[in-house]
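Participant: Sequence:
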Amino acid sequence: MEKEKEFSDLLVDNAGFLKPFAVNLTKNNETANDLYQETLYKALANKEKYNSGTNIKAWLFTIMRNIFINDYRRNAKRRTVFDNTPEDYLINLRQVSVANSAESSLRQKEIEAAVEALPETFKVPFKLYFEGYKYQEISEYLDEPLGTIKSRIHFARKLLKEQINRY
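Heads up: the sequence shown at position 155 corresponds to 155 in the working numbering, and the numbers run straight through without jumps.
There could be a bad hint or two in this list.
Computed cross-link-like contacts, SDA-like style, restricted to lysine to any residue with a CA-CA straight-line distance of at most 25 Å [stated by the list, open to error]:
hint : residue 1 : residue 2
1    : LYS134    : ARG65
2    : LYS134    : ARG157
3    : LYS158    : SER105
Think of the hints as simulated: they come from the structure by calculation, not from any bench.
Using the sequences provided together with the hints, build the complete structure.
Facilitator: Right under this line is the structure:
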């Protein structure tokens, strides 16, 4: 009970610093207020994850920034612009067209071979990430620190870029 009171006091004392940060991120007062409120809600909902004695401002800023980034990504996926011609084409419709399926098949085999040629320490996290697992899930599954997983996936991408010839 005392720990909850201490956390609540810390949160109230430091919440004021979040508003300017929210306005800076969103460039809109109404959206900034929503972001501010959601940050406080998430902080309260995850108070057990806060380590007493650590920098609560940094913790709150990280929560706010992550909410902002996730909302931005979600909204970017939703944006579709209509062309008002009689056919109503979707301008942002993501369509993949391949002119030559044989070339595409060879390209895919080249990419798969490059992935398989990666060192095991890079290949496993990269394949898991490619299959849709989140960094945290990969970290827990492989029992490795989160930073290590992110670094290995980054280096796997870098190695793949070097190995695969671009046309």
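Participant: State for each hint whether it applies.
Facilitator: So, going through the hints one by one against the coordinates:
For the hint linking LYS134 to ARG65, the alpha-carbon distance of about 18 Å falls within 25 Å, and the restraint holds. For the given pair, LYS134 sits about 16 Å from ARG157 by alpha-carbon distance, which is consistent with the 25 Å threshold. About 23 Å separates the Cα atoms of LYS158 and SER105, which keeps this hinted pair within 25 Å; it holds.
Violation of the numbered hints given earlier is absent; every hint is satisfied by the structure.
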